[in-house]
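Undergrad: The chain contents come next:
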Amino acid sequence: MILTQASPGSAAQVAEFSNTMTYATMLVLVVAMIAFAASFAARRTQSIDLRQREPALVGGDTVTAAPLPTGTADAGPDPDPDEPGRRAGNIALSLSWLAFTMLFVAVVARGVWAGRVPWGNMYEFSLTSALAILGVYLGVSTRRDVRWLGIFVIPLVLLTLGLAITVLYTETQQLVPALDSYWLVIHVSMAIVCGGAFLIAGTTAALYLIANRAQRPAGGPLSKLVCAVGRRLPEPERLDRLSYRIVAFAFPVWTFAIVAGAIWAESAWGRYWGWDPKETWAFITWVIFAGYLHAQSTAGWKGRKASWLAIIGLVAYIFNYFGVNLLFTGLHSYGGV
Amino acid sequence: MSATDFTTHADPMDRQVSAPGGLGPIGWLRWMWRRLISMRTALVLLLLLGLAAIPGSLLPQRTSDSVAVSNYFTEHRELAPWLDRLGLFDVYGSPWFAAIYLLLFISLVGCVVPRIGVHYRTWRAGPPEPPRRRSDDPIVTGDSQVLLDTAETTLRAARWRVRRDGAHVAAEKGYLRETGNEVFHVALLGLLLAIGWGAVTGWHGNVVVRENTGFSNSVSQYDQFTAGRFVDEEAISPFTVRLDSFDVEFDRDPVQMGTPRLFDARVSVTSDGEQNTEFLSVNSPVKVADAKVYLIGHGYAPRLRITDSDGTVVFEDSVVFTQEDANYTSAGVIKAPDATPQLGFRGLFAPTAAISEEAGPHSTFPGPDNPVLFLSAFAGDLGLDDGVPQSVFTLDETDMEQLGLQSLAPGDDWELPGGQTVEFLGFDRWISVKVGHDEGGFWALLAIVIAVAGMTASLFIRRRRLWVVATDDGVSVAAVQRGRSASVVDRDELLRALR
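Residue numbers (our numbering), protein chains in the order written: chain A, 1 to 337; chain B, 338 to 836.
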């Protein structure tokens, strides 16, 4: 676990460097956000009648199509090189990669300073979570065109970083001995990656609801805004499929994160499951996303209700992080804030 | 269960269930059963299970913190008994929580078992007949029999299940998707059984051990002991554990101040007449017979000698103090019932003592750099003879008179007004250990690993179907889906091979 043992003087410099990098990352992200906003605003709006869906496939009588779940390898229609806002989107995406690299350096520096994996308290966890959100977004962007998604993701990354440096920042470094295990690395890193994935999936699920609503004519001022946003989004089916793919990726990882936590709990506390608040909420999150995956193949639940489940699942994950850490006392309430 | 993309047979879960009209009791039962095993019911039960788990995280639970539960009872005199009647202080053991997960698992069995049959028959039957030809199905011109032969070899080489007919080749791939799906759900059932088995055959106890003392594995020796229904408490494996020494070192680096760097308990374990020395530490339990010994916590036990005014030693032992903060400011109570008059002390032990305005006496470092014991002495009647059991951590001062306060370094003594003396001899360390026997853990882990493997297969393997059908001047190739689906990617690959 001990990576280095730096002398106090240089250690302070490393911590300082990590903080500076975090601030610089936020600056780059602000510029990226503006570029994403410009790109999104320039997108062609789709009129309602353009969106008549193709009839779901028909084969012989024996074959019924399930439009959604599985994975279709599709990346949507090929990106149109003349699409308005494409250039701004590209700039924003490049800046996001830059921000990701910088934040990665900041997290590593923090780990070097602390002499362990940098997930010992809420500040460090939030910092790494921001990295994971960016990482999942950029990972998805290598497989499909998600420049339209940037304007929704980058503010969430900024919010996470902002909370980390203002509210959660901490100098204290104590790590209780129970945390000093390589299961920490597996358990927590998986939980963080899942956090990034759940956040992106929850966002696309919310966007699905907006895009879905935008297919009907706008009424009041709020629905006008919803429609203005919604008509710049890809078709609802694509959004729904993207959410599904991300949850399908995250769900086994989340299961494994819980199992790794259980193995760790067994050796540290003498039981692999004890309904500690953190465990309970991890279970609740698991149940909700299991429900989401099932809902996506249940008539009457597919689409709208399922999307709400993805959002509720994300809320449960976030509550498990902030709520359980700050409101409850349990075995997971170590490391201070 | 996640649906397959290809539902060739009636799916027991997605079947529309209509209410029976005058079907009699059997009809009603069948209707209820179909309802229960429908996907929608399973989904609702699943979400209900998540919802039902919430109160257990909001209210203190007997299983994890019985002290917090009794505190809740004193704070909410009216409400607590009602919550208790609803089982809200033991949510995960309550009948209604069990009802939800048992119904869910019954629903799951009712759903999975028919599906396994369906899947087996589908697998046996092989790829189905080609669908009606679509106008946009790509066509390859040439000798249709040669093209069908090529298609057959290409697909077989790519490990498709192929059925060749005179006029067409039908191919299918990805059966493991549904297999994985079924394996996942059966493994979840296995997980539930493993946990249940562990609960009825397992036992665990907690005990605090000071240096140079020990305990034997019998119910009476534990401060707390819980056993499953099938456990014969008299017959748990006999062994003894003695704490020889406990070493703990804390980091002094300014960044890592106070972080434990070494955390080792040397214990002598006697089992089956054999004595072994083992090292017990956090995250690495020691296995003894069919049980495991875990190190849960540690602390300081100041050692005192109390002498009566006539010179008789009435007390000489170390006393377990409980940790109050991260720097091991520890609190405890010392009782000397054999003294005349009886003596009682409230103590605060600071391994590295400091006194400040706000915090009073406290410790600034968890290691014993400057150990000081702060005592407040009481004389009178300890109240031990009333027959009411008293906690060793509380002092009943009602019939006692406070004599004074004193801070003592190791070796110091304090003469009380009545001529009695207290000597602070030094300190021992104590550890709290948990001893547990669990038969379900391994099986639960095995089940969950199989479940994750099955889940991964069901989420990532794609089921695909292709048909190559002879036409007048060649073949047409059909995939099961349009757009850019996996089947279409496969179709285009096959087309390249044919052209």
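By construction, these hints were calculated from the structure, which means they are not laboratory data.
Here the structure is a predicted model, which is why all the values come from computation and not from measurement.
Heads up, some of the hints might be wrong.
Said to hold, decoys possible - Calculated pairs, SDA-like style, for lysine to any residue (alpha carbon to alpha carbon, straight line, at most 20 Å): (1) A:K305 <-> B:F616; (2) A:K224 <-> A:E16; (3) A:K305 <-> B:G527; (4) B:K624 <-> A:R44; (5) B:K629 <-> B:I573; (6) A:K302 <-> B:T378; (7) A:K305 <-> B:L385; (8) B:K624 <-> B:I573; (9) A:K305 <-> B:K629; (10) A:K302 <-> B:K624; (11) A:K302 <-> A:S181; (12) A:K302 <-> B:E570; (13) B:K629 <-> A:R271; (14) B:K629 <-> B:G648; (15) B:K624 <-> A:I263; (16) B:K629 <-> A:V226; (17) B:K629 <-> B:H774; (18) A:K305 <-> A:P221; (19) B:K624 <-> B:G773; (20) B:K629 <-> A:I210; (21) B:K629 <-> B:N707.
What the hints assert, rightly or not - For each label pair, taking beta carbons as the anchor points, the in silico distance ranges come out as: (22) A:V315 <-> B:V446: 41 to 51 Å; (23) A:G323 <-> B:A572: 37 to 47 Å; (24) A:A228 <-> B:V404: 35 to 45 Å; (25) B:V446 <-> A:R44: 43 to 53 Å.
What the hints assert, rightly or not - Which chain A residues face chain B? A few, computed with CB under 8 Å, are given here: (26) Y23; (27) A24; (28) V31.
Backbone N, C-alpha and C fix where the C-beta goes; we use that ideal spot for every residue, glycine too.
Undergrad: Taking the hints in turn, state whether each one holds.
TA: Here's how the hints hold up against the structure:
| no. | hint | in the structure |
| --- | --- | --- |
| 1 | A:K305 <-> B:F616 | 54 Å, violated |
| 2 | A:K224 <-> A:E16 | 46 Å, violated |
| 3 | A:K305 <-> B:G527 | 30 Å, violated |
| 4 | B:K624 <-> A:R44 | 67 Å, violated |
| 5 | B:K629 <-> B:I573 | 13 Å, holds |
| 6 | A:K302 <-> B:T378 | 15 Å, holds |
| 7 | A:K305 <-> B:L385 | 15 Å, holds |
| 8 | B:K624 <-> B:I573 | 15 Å, holds |
| 9 | A:K305 <-> B:K629 | 46 Å, violated |
| 10 | A:K302 <-> B:K624 | 50 Å, violated |
| 11 | A:K302 <-> A:S181 | 41 Å, violated |
| 12 | A:K302 <-> B:E570 | 52 Å, violated |
| 13 | B:K629 <-> A:R271 | 10 Å, holds |
| 14 | B:K629 <-> B:G648 | 46 Å, violated |
| 15 | B:K624 <-> A:I263 | 16 Å, holds |
| 16 | B:K629 <-> A:V226 | 59 Å, violated |
| 17 | B:K629 <-> B:H774 | 6 Å, holds |
| 18 | A:K305 <-> A:P221 | 25 Å, violated |
| 19 | B:K624 <-> B:G773 | 10 Å, holds |
| 20 | B:K629 <-> A:I210 | 54 Å, violated |
| 21 | B:K629 <-> B:N707 | 36 Å, violated |
| 22 | A:V315 <-> B:V446: 41 to 51 Å | 31 Å, violated |
| 23 | A:G323 <-> B:A572: 37 to 47 Å | 44 Å, holds |
| 24 | A:A228 <-> B:V404: 35 to 45 Å | 56 Å, violated |
| 25 | B:V446 <-> A:R44: 43 to 53 Å | 51 Å, holds |
| 26 | Y23 | 21 Å, violated |
| 27 | A24 | 23 Å, violated |
| 28 | V31 | 33 Å, violated |
Hint compliance for this structure: hints 1, 2, 3, 4, 9, 10, 11, 12, 14, 16, 18, 20, 21, 22, 24, 26, 27 and 28 are broken, all remaining hints hold.
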